[in-house]
Structures are given as C-alpha cells and as structure tokens.
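Asker: If you want the building blocks of each chain, they are given just below.
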Amino acid sequence: DGGITQSPKYLFRKEGQNVTLSCEQNLNHDAMYWYRQDPGQGLRLIYYSQIVNDFQKGDIAEGYSVSREKKESFPLTVTSAQKNPTAFYLCASSAPIPSPLHFGNGTRLTVT
Amino acid sequence: QKEVEQDPGPLSVPEGAIVSLNCTYSNSAFQYFMWYRQYSRKGPELLMYTYSSGNKEDGRFTAQVDKSSKYISLFIRDSQPSDSATYLCAPAGGSYIPTFGRGTSLIVHP
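Quick mapping for you: the protein sequence lines, in order, are chains A and B. Quick note on my numbering: the first sequence kicks off at 1 and runs consecutively. Quick note on my numbering: the second sequence kicks off at 1 and runs consecutively.
So that you can see chain A by itself, here it is in the shape it has in the complex:
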C-alpha cells in the first residue's frame, strides 16, 4: 500500500530544543516537500527536494533544516532559531515538478 508516513502524529518540545520530524514515502517519487500550515494561512513551503542530495529553500526556510540522503526519506529539523515553531507540518512527494503532490497526514508540533 503506497503512501507517505509522517511520524509522530503529535510532538511536544520545550523551547530551545531542536526537534526532527520524520517523513518516509514508498511511492518511488523523486520530489519531496515540507509545508507548514497555520490556522487561516494555508500551506507555506519550507523546503523541497527534487533529487537525492539536493534541496532548495522555500518561502519560510529560516529556522529549519533538511537532508535528503535517501530517495524515500526527507526529515525536517526545527531548530531553536525558529521563532514560532508551533504548527501543523505536512510532508508531500510527487513525480517530477509540476506533478500533483501526495501528502502525509501531518505532525502537530507544540513548543512551550
């Protein structure tokens, strides 16, 4: 059963700690993406990767980092430099741009 798995579903951290969100896909897609969703603001692109070992900043990359060492995996690290990290984070994958994106079910991160 192909799809995108994000884990965990809920994540709680103290301010000042880095945290890594997991995203794995078995759709054999080359491209992967990370979005942030806040109430009333839609989806904002954080980072995307079109191929292994390469990635580009999106609109709101500050305070985040990613890696793409394997085709199946695209973890996102929310660093302590991110000023307002509490949000719903969505990972997606696709065939080559501009193909439709397929989304995971998200990770809700709460930082206190």
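Everything labelled a hint here was simulated from the structure, so no lab data went into it. Owing to the predicted nature of the structure, the values given are computational and were not obtained by experimental measurement. Yeah, the Cβ is synthetic: ideal placement off N, Cα and C, and Gly gets one too. Misleading hints may appear alongside valid ones.
[Stated by the list, open to error] Label-pair distances were calculated between CB atoms; the ranges are:
#: 1; chain 1: A; residue 1: G63; chain 2: B; residue 2: D58; range: 38 to 48 angstroms
#: 2; chain 1: B; residue 1: P10; chain 2: A; residue 2: S67; range: 31 to 41 angstroms
#: 3; chain 1: A; residue 1: N18; chain 2: B; residue 2: R77; range: 28 to 38 angstroms
[What the hints assert, rightly or not] 30 angstroms max Cα-Cα, derived DSBU-like pairs, lysine-lysine:
#: 4; chain 1: A; residue 1: K71; chain 2: B; residue 2: K42
#: 5; chain 1: A; residue 1: K83; chain 2: A; residue 2: K57
#: 6; chain 1: B; residue 1: K42; chain 2: A; residue 2: K57
#: 7; chain 1: B; residue 1: K42; chain 2: A; residue 2: K83
[What the hints assert, rightly or not] Partial selection, computed: residues in chain B whose CB lies under 8 angstroms from chain A:
#: 8; residue: P8
#: 9; residue: K42
#: 10; residue: P44
#: 11; residue: A92
#: 12; residue: G94
#: 13; residue: P98
#: 14; residue: G101
#: 15; residue: P110
Using the hints provided, position chain B relative to the given structure of chain A.
Answerer: Relative to chain A, chain B alone:
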C-alpha cells in the same frame, strides 16, 4: 497581490445544495490545476487534476478552468455532510511547483 487567492469562508450550505468554490491566480505560466480536500487534522488529498482551460467531471465534482480570466472553479452537486472540509486550489506549471491558495472552509449541514 498573492499568486493564488481563495475566499476562506466558511461557506455553509444545506445538504443537497450545489456548491461553487472559486479561486483566482496571477501567474499566466500555470497550466495544471489541482483541487485538494482537507479534513480537520489530516493531510490534503487530491480531488481533481486538470490541464489547461475547460471542464472535467468526476462523479459529483466538476472542475472548471478559465485561463483567459485566470479563474478556477470547483462545483459539488448534491452536497453531503461528508463533503464538509477545507478545499484548496493549487495551480502549477513549467518549473513551478503547485502554489496553494489558503483554502475555503465548506460546511454542509443536514
């Protein structure tokens, strides 16, 4: 001007109504047009995918694209309470990855 504009709603309709959801965009390079449905606390799921201008029908859903006016619509016939969700439009094209509107919240009440 934002690249993709959607009225956030909420749009509240009675069960059985015809729903019209709309979206405007500014980038004339967009050629592919997607509609996603997102239930609360879930990831968006692809509902419709169309190329260029015209209509595409899938069951109770019809997507309509007018590239000359940069206007995209999604029609839902015989709406059901299970259609209550946020609907996101996402045009794309060329080297551009899909750009998402902020979504329109739809409530279908029995």
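Asker: Now, for every hint given, state plainly whether the structure supports it.
Answerer: Each hint tested on the structure:
| no. | hint | in the structure |
| --- | --- | --- |
| 1 | A/G63 to B/D58: 38 to 48 angstroms | 40 angstroms, holds |
| 2 | B/P10 to A/S67: 31 to 41 angstroms | 39 angstroms, holds |
| 3 | A/N18 to B/R77: 28 to 38 angstroms | 49 angstroms, violated |
| 4 | A/K71 to B/K42 | 24 angstroms, holds |
| 5 | A/K83 to A/K57 | 17 angstroms, holds |
| 6 | B/K42 to A/K57 | 24 angstroms, holds |
| 7 | B/K42 to A/K83 | 25 angstroms, holds |
| 8 | P8 | 6 angstroms, holds |
| 9 | K42 | 5 angstroms, holds |
| 10 | P44 | 5 angstroms, holds |
| 11 | A92 | 4 angstroms, holds |
| 12 | G94 | 7 angstroms, holds |
| 13 | P98 | 6 angstroms, holds |
| 14 | G101 | 6 angstroms, holds |
| 15 | P110 | 26 angstroms, violated |
The structure shown violates the earlier hints numbered 3, 15.
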